[in-house]
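Protein chains: 2
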Amino acid sequence: MKKLTDIGELGIIKRFQQRFPVKSPRVVMGIGDDTAILKGEKGGYELFTTDILIEEVHFRRSSTAPYLLGRKSLAVNISDIAAMGGEPQYFLLSLGAPPKTTLDYLDQLMEGMLYEASRWGVSLIGGDTSSSPERLIINIALWGRVKKKEVLTRSGAGVGDSIFVSGKLGSSAMGLKLLQRGYGLQGEELSSPKGKGKPPEEPHIRECLASHLSPEPRVELGKAIASHHVASSMIDISDGLSRDLMNICRESRTGAQLLKNRIPLSEAVLHLAAEQGEDAHQFALHGGEDYELLFTVPSDRLRKMEKLLEKGLPTPVTMIGSITRQEQGLTMVDQEGNCQPLLPGGYEHFVPHKI
Amino acid sequence: MKKLTDIGELGIIKRFQQRFPVKSPRVVMGIGDDTAILKGEKGGYELFTTDILIEEVHFRRSSTAPYLLGRKSLAVNISDIAAMGGEPQYFLLSLGAPPKTTLDYLDQLMEGMLYEASRWGVSLIGGDTSSSPERLIINIALWGRVKKKEVLTRSGAGVGDSIFVSGKLGSSAMGLKLLQRGYGLQGEELSSPKGKGKPPEEPHIRECLASHLSPEPRVELGKAIASHHVASSMIDISDGLSRDLMNICRESRTGAQLLKNRIPLSEAVLHLAAEQGEDAHQFALHGGEDYELLFTVPSDRLRKMEKLLEKGLPTPVTMIGSITRQEQGLTMVDQEGNCQPLLPGGYEHFVPHKI
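Just so you know, the protein sequences line up as chains A and B, in that order.
If you count the first sequence from 1, position 185 lands on 184 in numbering that gives the first Met the number 0, and the numbers rise without skipping.
If you count the second sequence from 1, position 134 lands on 133 in numbering that gives the first Met the number 0, and the numbers rise without skipping.
No wet-lab data here; the hints were simulated from the structure.
Where is the CB? At the ideal position from N, CA and C, for every residue including glycine.
Wrong hints could be hidden among the right ones.
Claimed, not checked - The calculated EDC-like cross-link candidates involving lysine to aspartate or glutamate, where the alpha carbons are at most 20 Å apart (straight line), are:
1. B/259 <-> B/188
2. B/38 <-> A/103
3. A/13 <-> B/188
4. A/146 <-> A/86
5. A/13 <-> B/110
6. A/99 <-> B/188
7. A/2 <-> B/335
8. A/176 <-> A/206
9. B/176 <-> B/188
10. A/176 <-> A/149
11. B/13 <-> A/86
12. B/2 <-> A/206
13. B/22 <-> A/110
To be verified - Computed list of chain A residues with no C-beta within reach of chain B, every gap over 10 Å:
14. 22
15. 149
16. 305
17. 327
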């Protein structure tokens with residue numbers, strides 16, 4: 000009998016898409032993008048998104064401070080709104096918690112959520128609490144708004160568009176690897192694997208752990224890109240650069256070519272990967288959870304984009320490749336100029352993993 | 000160190016209420032009622048609610064058909080919208096599933112959701128899928144709408160108001176008890192505890208199981224009550240008559256007196272409780288998950304209510320008591336005319352339970 004592992008996340012989403020036709024004329028975009036888009040007041044659009052975090056799948060209590068977990072649970076949803084060029088506004092929280100959870104843990108979790116909520120002007124308006132036998136479960140449903148003329152989706156990329164990405168990639172994936180190796184960040188305190196003393200690369204380790212445990216949603220950048228009408232498509236990098244670029248290509252019916260030496264790698268990742276004899280690009284390409292914005296800019300808007308870059312954006316961005324025809328698929332040109340197919344990696348929920 | 004068990008659900012909700020002040024002028028009602036209420040288009044209100052169902056807490060896979068689980072997961076959210084007099088419209092689904100879950104199981108779960116969605120004109124517009132180590136987790140965030148002048152909350156009850164309840168109570172709680180004793184309902188098929196043969200009370204058992212596994216949200220009734228402006232407050236019975244009446248009283252700063260012999264008990268519960276030597280009223284008072292509507296009617300609108308009753312409502316309703324002053328607390332008058340304090344029972348998530 001076929002199992003979820005046989006069709007994966009994408010297969011499950013497709014199944015829901017096929018079985019649940021949306022009939023309402025208010026729905027501009029249903030299942031399949033970062034957020035759903037509904038027609039709202041005064042010609043504006045309303046954005047709706049949800050993310051579930053499950054203990055031992057998305058986080059471990061032993062290595063994640065509850066304050067940072069609270070921040071991240073809201074930040075990953077806010078990032079979905081940012082990816083549409085929107086502004087987050089209200090959220091509902093479902094909390095499943097083991098009855099033995101301490102009030103101190105709950106309070107710190109709340110403080111983290113509250114910090115992120117205050118920062119972005121988001122209000123908690125309701126929710127559901129339930130006991131959960133062993134694992135902590137946090138589900139957030141968040142909605143926001145965007146001007147109709149500014150909304151960006153995954154499906155607008157065209158052949159010849161330049162591909163841009165914000166920030167530097169790979170530190171979140173490196174952070175996850177460090178967690179797996181026994182490092183942890185509880186508030187300000189860095190914990191190392193037992194018996195190994197203070198790590199020589201402490202600032203790098205700290206940076207990567209923080210990047211994984213407490214990602215920054217790029218709301219200001221998303222709004223800047225949207226309001227200046229420079230991009231044709233946008234997504235946030237939650238599943239990895241390769242997989243999220245594939246998502247843009249699938250929805251836009253295009254291919255894409257990345258320039259390997261243009262991909263912005265964080266100093267910390269370069270350093271730690273070299274030390275471990277690993278390829279830093281693997282972390283940036285397939286690691287996921289960077290929550291940076293990936294967007295495409297048509298050639299006739301490149302001039303406008305350059306002007307924006309001269310003025311400075313809330314987060315720096317880098318041109319890393321271009322959109323190609325669909326039949327060319329995903330490719331990457333390396334330092335020597337060789338062009339090779341790029342296989343999407345990144346996280347797939349329904350195959351066995353360890354976090 | 001204090002734990003969640005020390006403060007319970009109500010304590011957790013209060014903690015969030017205190018820590019998360021709502022600043023937006025669009026929010027009419029935040030944390031604390033069945034749904035959040037936000038100002039919407041054209042003077043209408045938008046309603047937002049969420050419910051999480053966790054395997055082994057809210058259901059068991061061994062005794063619940065996935066089709067019925069799909070229906071129930073949506074129905075319990077729809078019931079929250081019904082309790083405000085509203086109409087459900089759109090939902091987001093978060094699904095955490097063990098990777099070994101079969102496609103057949105997923106399809107049946109979807110069919111159940113789709114049945115309930117089609118029935119009430121509700122569209123699925125997005126969601127999140129994740130692997131979950133052992134337990135199936137279903138979170139739904141649903142929103143709907145209601146006319147501003149028709150919205151009903153928990154807080155409008157006044158001293159002297161009559162208390163009404165829809166349908167007949169207790170069969171869901173009896174159904175839960177039957178599940179615990181080893182009965183199950185997989186689609187049309189009734190399964191009995193091993194080696195006990197076909198039960199003599201089969202129709203009663205079937206009715207109670209169906210009532211627990213597949214509750215009916217009272218959308219039509221809720222709208223009828225709201226649109227005729229007869230009620231001062233309303234709630235759906237998810238936690239038990241005693242606990243949900245307490246919720247109305249707490250929010251309205253009143254007490255309440257129930258008339259024991261007016262509480263409508265289902266035939267099936269009366270029969271099965273008698274057979275087991277148990278008090279049928281306990282199931283109706285403290286059992287929960289009936290998803291009937293509990294509402295209050297001021298004396299000057301009783302005449303209007305009677306007219307509505309004469310015309311007939313989508314679900315029959317019964318007058319079961321009256322609202323008293325807050326200092327009188329919750330009381331119940333029994334068959335002999337004795338008045339006793341009524342202690343709220345019902346389900347409390349953060350104390351040990353078996354389902």
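| Which hint numbers doesn't this structure obey? | The structure conflicts with hints 1, 2, 3, 6, 7, 10, 11, 12, 14, although it agrees with all the remaining ones.
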